[in-house]
Structure formats: structure tokens, C-alpha cells
Amino acid sequence: MSEVTNAQSGAVIAPAIHHDEHGVHHHKESFVSKYIFSMDHKTIGKQFLITGIVWAIIGGLFSVLFRLQLGYPDQTFPILETVFGNWAKGGQIQPEFYYGLVTIHGTVLVFFVLTAGLSGTFANLLIPLQIGARDMASPFLNMLSYWFFFMASVVMLSSIFVHTGPASGGWTMYPPLSALRQAGEGQKIGTDLWLISMALFIVSSLLGGLNYISTILNMRTKGMSMTRMPLTMWAMFFTAVLGVLSFPVLLSGAILLLFDRNLGTSFYLSDIVINGEILPNEGGSAILYQHLFWFLGHPEVYIILLPAMGMVSEILSVNSRKPIFGYMAMLGSLFAICILAFLVWAHHMFVTGLNPFLGSVFVLLTLLIAVPSAIKVFNWLTTLWRGNIRFTPATLFAIGFVSLFISGGLTGIFLGNSTIDIHLHDTMFVVAHFHIVMGVASFFGMFAGVYHWFPKMFGRYLNNTLGYIHFWVTMIGAYLIFWPMHYQGLAGIPRRYLDKKGWVSFNQFGELDKMITVVSIIVFAVQLMFVFNFFYSIFKGRKVTNSNPWGANTLEWTTPIKPGHGNWEGEIPEVHRWPYDYGKDGREFIPQTEPIGENESKGH
Amino acid sequence: MIWTAIPAITLTILVGFGIFYWFKITGDAPKDAMQVEVVGKQFGWEFRYPGKDGILGKKYFKNVSPENNNPAGQLWDDPANYDDVFVEQEMHLVVNKPVKLVIGAKDVIHDVGLAHFRMKMDAVPGTPTTMWFTPKYTTKQMKEKTGNPDFVYEISCDQMCGKGHWSMRGTIVVETQEEFDAWLAGKKPQYLVANPDKDPAAKKDTATAKAPAAASVTNIKTRN
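So the sequence lines, in the order shown, correspond to chains A and B. In case it helps, our numbering puts the first sequence at residues 1 to 604. In case it helps, our numbering puts the second sequence at residues 1001 to 1224.
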């Protein structure tokens, strides 16, 4: 290692690598410093992933429970009473438990799984590896970021076990419902714990985000200009920017809510008579919270989607053995989405009494997002077009992502148009829309990433057969579960209705609800199979023998099969080209580290 | 570029139509519209009709007092309140007559969801909202059209409001003007319910010779 590089890399990651001669971590590591309080970005990424998996199982299990209620509202399941006691009195899920389940399901899947579990995992794992850095800008803050997430998880988990139950105001936690203890059981200590947990989570995601941004901006290896970065890096970068700019707004909203709950302030409260009790609060605005919430809430959708988009771009290009179509257009559309993400939040509020003119502005800005989205979709399809596609499980999940993004995106055009939204708002149509476009689609991006980078994480492969079963059942199941919900929504069935028998207008879907429940149980079982595959393969999977198993161009595949802390033995490689030289000049792929040849054809 | 242009043009058309109808729907209600106040609470609906003067009397949340027969918190010193009629759970509307709903909530945010009219509007405590529409078919006609003898227009709460959210149901009866007038005539203004001493009809029972006052009450009740 040259003096210069050593000094550079040594200076930025001083806390982790004091006196390394070869860029690899040498001093003794205890179990605790290697696996628990680790500052290695790869280990932290795995910690985020495994914590995310645990939360995904909990969140998924909750959805199975409330699907049971929706599919079989009249049946009793004595086992539920055995497990949940009073929450499922007589074997039937009680309304307050039901609302606790949907609230925690939404919260943990949006924030703990698809934010922390997705960008926490892959930003940590991939950023230093793909830009050519030995670790994050601040490994210590990175470690803190995980442990704040862990604390948030502990608080959220404990809220499930308190006597009055977890928060049950819906994952959006709108006041006054969430501000008033008198409003229900879930609005007691459960909601306080929810708010504290979210505050810890926001700290975690800010620490992570600042780290990702400074690492990408400052620590790229020689030759890695911004436009030579893989699209995954751009996606992670924009994701982090969105998070850093929008999460503090949610934090302020949550803190004001804590004040209203505990200190008697009236930020969100006015004119309230609850259970016959007249409250003194006057002058607050319940709608203020919704503005603060959705100013994060909408960018949050893209915080969830962009990492998936980035990974899908990379995986599709690698596995169709073709350069990504329209690199600059991809980048521009990411940027456009990032800007527009901040300008559309009020489309969640068309029916709050929002000024109609303001509403029309938000309609326009919302539908503008369709343009960059369409550009991305066409670029993915043209990347696949006439490619020499290797249908690995990762490729299939990436293609599945594109499919779901198209179907979910099209229903977004319905909802973004306020005229149609005043009918569809808060119905099952919305549930179907966002589960397909951001829930399942991002999960597909995440699965694609796990299948693709598992060899880098653990030096072994996931089992392919289980991978194919996982993909096909999940793909078909996702459409079977969420497609019919559009019809329920068009019929006007509101969200969060746990039993529709009492309604003349909504009681015609009993059989459909049963079908959805059965499919969702099957899909959940297949996810458990994936979790088994994941943990089994960590220890028993087929070993990786080739340091570049997918024949990819990016830098992470130039490291040893199981890289130590510091990633590269010897010098960090220099980059000479963009990452998408596939099928060029008769060569299948040309790694980024290879200098431009004399007779090489020009450009991309 | 063609792939940018196609979605852009399609969306422009969709936005154009959308916004045109959006302003039509959210614009001012026609002048001949009747008014009804709708208030959501955990877990039910309350309605107030403005009575003969067409004006909903003032109210203040600290006056809410079901024990004193004032569930809406009306201010009894406002004369516009004298003829306001208060009912719960069932709203009556007149077919082909525009109606403007003045929407509020007592405790948490609810939402007046009218699946059959393809509309909804949040009910927010402290911030009144409005929505207007014209019912085109009476409940009776809908029963024939849908072939469902049990058909009824329903009001669903569309905004998560607590453990009874899923069963927060109200109903709407759409009927002809005559039927509506007869229905309203059967209701006593809340002012008189809360202040029986002001009720000329009640006084008539005790002091028999109050014929002119009784007549004026009949007038109020059979307003058109």
C-alpha cells in the first residue's frame, strides 16, 4: 500500500483501523467487537438485515392474524384466546386488539423493515464496497445508528406487552385520536411508547443517512467520479438525502404530540368533547399534524422505493448482460423523483377540507411523478430487451419488482386525481395500491438484493430451488391478495373495517375475503421458508469459489470472497470506466478496474 | 423521448378533466341548496336541520350537555337556534334537491363517507368542513333499481376513530319533498326540548287558552 493511500484511508477511518499495514483489520477482535458492537459496515449491514427479518416475521404474522378476522369474522379460534388471552376473548380478535395489530403491522413494515431493514442493510453493505472505501465516513456513528434502531425496536416490542395494549391509532397516528388517553385503550401508554420508539428510530435513520451522504461524497476511490457510480449508489444517496431532510419534520410532529399528550398543550387540539368530558383546549389544529406527518410520509415512500429501484437497475443490467439503458436518464429521473417527493404530500389530504385550489396544485405535482417513473420503467424494460438474461432468483425478483411497480403505479394515477380520490380515499383501493407499489414491490427489490449479494455477505449461495419457489408463490400470491382489494375499494369499503356484516353496502365480499386470507397464509408460510433458506445457507449453503460469481463489473466483486474489515487486501483499486460495460466489443463484461483499451470502441 | 412524451400528454389530459370536475364538485353549493349539519362522535352521527329560517344557530363546544338536552352545544340566546331540529343516526334528504353538509366532529377526526354518492369529507374537531351534492334517486327507487329490498343509503366513517370505527354507521333516507316535510314536522325543535317552559305546545296543556301561540308552532313545524 502506498504511503499516500494509507494516510488517506487511515485518516478517515482512524477509529476502526489504527495501524494496519495492508488495509485489512489485524488487531485482535473479541466476539463482542466483531459481531455485536461492530464498526465494520458489512457486519452492521447484516445486523440491520437480521433485525429487519425478525420484524418482518412479526409484522407478517400480525397481518395473518387480522386477515383471519377479515376472512372468517364469525369463526372462533380458541387457540388465539390461549395465546393472547383477553385480546382474543372467546377465540375472536377484539376490536382494540385488531387496531393494535394493524397499527404495529404498518409501523414496523414501513419503518423497521422497509426503511431500516432495506436501506440500513444495503446502504451499509454496498456503499463502501461499490465506491471503493474501506468503511463508512464514521464507523462509530454507523454503529450508533444500528443501536438506536435496536433501542427503538425494544421499546416498540415492549409496547406490545403492556396491559392496555400497543398504540392503535393507525400507523399515521393522527391526533386527536392519538392525543387523547380517553379515546381508547391503545391511546394510553402504548401510544407514548410508540412515539418514543419513533423518536429513537428517527435518530437512528439520521445518523445512518448523514453517514451515507458523507461517505458517498468524500470517500470514492480514485477514478470513481459521481457519474461512474453504479445506480445503486445514486439511489442510496438520494434515499439518504430524502431521509435527512424529512425525518426531522416527523420528529417535531411527534414531539408536539407528546407535549399535547403529557404537558397539556393544544398544538393539535381544539373544541373537544370526549365521552361527555369537555376538554379546555382551544385553538389547535388537528390538520397541522397531518401536514407534518405527510411531509415525511410521502418522501418516506421514496425512501422505501429508491433503494429497491437502484438495486433492481444493477441486478437487471448484470443479469441481462447488457449495459443499463439510459444511465443519465435513470439518474435524472431519480433526481426528479427526489425533488417531487417533497412537493406532493397534501395528496394524502384531499378530503381534509383542504383549499380546493391548493388541492389542484397537488394533483398536478403528483401526476408529474408519473413522468420520471415512466422513464425508469421503460429503461428497465429496454435493458431487458434482447438481453441474454440469466434467470437467477435475483433477476426474477427484479423483474417482479418492475411488474408490481407498473401495476401499483397505474392505480396511483387514479388516487392522485383528487376528483376520483374523494371516492377512493381511505378505502381498500388505497390499501391495495400502496401495498403493491411500495410494500410488495420494495420487498421484491429487497429479496432481489439479498439473493444477489448473499454470496458477498456470507461467502455462500442461497438455495436456488427454494428461491424459485419463493419467487413464484410470492409473485402470484401478491397479485391474488391485493388485486381483489381494488374491487372492494371501488365499492367504497373503508379501510380498517374488521367486520362488514352490519353494512348493507359492503357485505357482498365474504367469499373474496376468505380467498385473500387463505392466500396470505400460504404466502406467509413461503416467506418463512425463505427465512429458513437464509439462515440455513449462512452455515450450510453452497460455498462461493469465484470472487466474481455473477460476472459483474462493480468493485465489491474485486474484494476477497470473505472480505475482512477494510475490504481490500492491499490498495483500493482504481476505477477507469462506468460500471455497465456488458457485452462490449465481444466481451461479456469489463470490470470497472480495467483501464480503457487502445482499440476499445467509444463511450456507452 | 417518445416515452416521455406519451405519458406526459396522457397525464395532461387526465389532469385537465380531473381539475375541471374537481372545481365543479368543490365549488360553492347552489343557492337553493338545503343545509344539514353533520357531526361525528365516538361512535355515531348527529344531524341538525336549520329549520324555517334556513340558518344553523350558533354553537359552542363548552355548552355541549346531553343531560340538559343540548347534545350539540347550541347557544340558546341565538334566535336562529329556536327552530333548529336535532336528530341522531338517520339523515333525511330531498330527492333532486342539492344539499350542503356542514361537517364537524366532537372528539376525534371522523369522515363522512358516502359510498353511493362517491364522496367523502373529513369531520375534524375545531375545523368545520363542507360538502355538497344532489341525491338523484329516492331510497325507494334505489330498492327497485338494485333489486334489493333491504337497500339503504349508508354513511360510513372512513377515518380511523377508535375501537368502534368499523361499526360507526349512519343512514340516509332520500325521499320526496312531501315525505320530507311530513317527517320534519314530526320533530320538535331542540330549543323547545331543552326549554320546555318556552314551549307553547306544552303551555297549551296547562293554560288552555293559548290558541294563537299553538298555531305559530304548527307553522314552524310545517315549514316548506
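To be clear, the hints were calculated from the coordinates, so they are not data collected in a lab. One thing to keep in mind: the hints can contain errors.
Said to hold, decoys possible - Computed far set for chain B versus chain A, every beta-carbon distance over 10 Å:
#1 Trp1166
#2 Leu1184
#3 Leu1192
Said to hold, decoys possible - Covered stretches of chain B, going by a simulated chain A footprint (3 or more residues, C-beta under 8 Å):
#4 1023 to 1029
#5 1044 to 1058
From a predicted model like this one, the values you see are computed outputs, not experimental measurements. For each residue, glycine too, the CB sits at the ideal point set by N, CA and C.
Evaluated hints:
1. Trp1166: Label violated. Min Cβ-Cβ 4 Å, cutoff 10 Å.
2. Leu1184: holds, 25 Å
3. Leu1192: Non-interface label stands for Leu1192 (chain B): nearest chain A Cβ at 23 Å, farther than 10 Å.
4. 1023 to 1029: holds (count 4)
5. 1044 to 1058: violated (count 0)
Against the hints set out earlier in the document, violations occur for numbers 1, 5.
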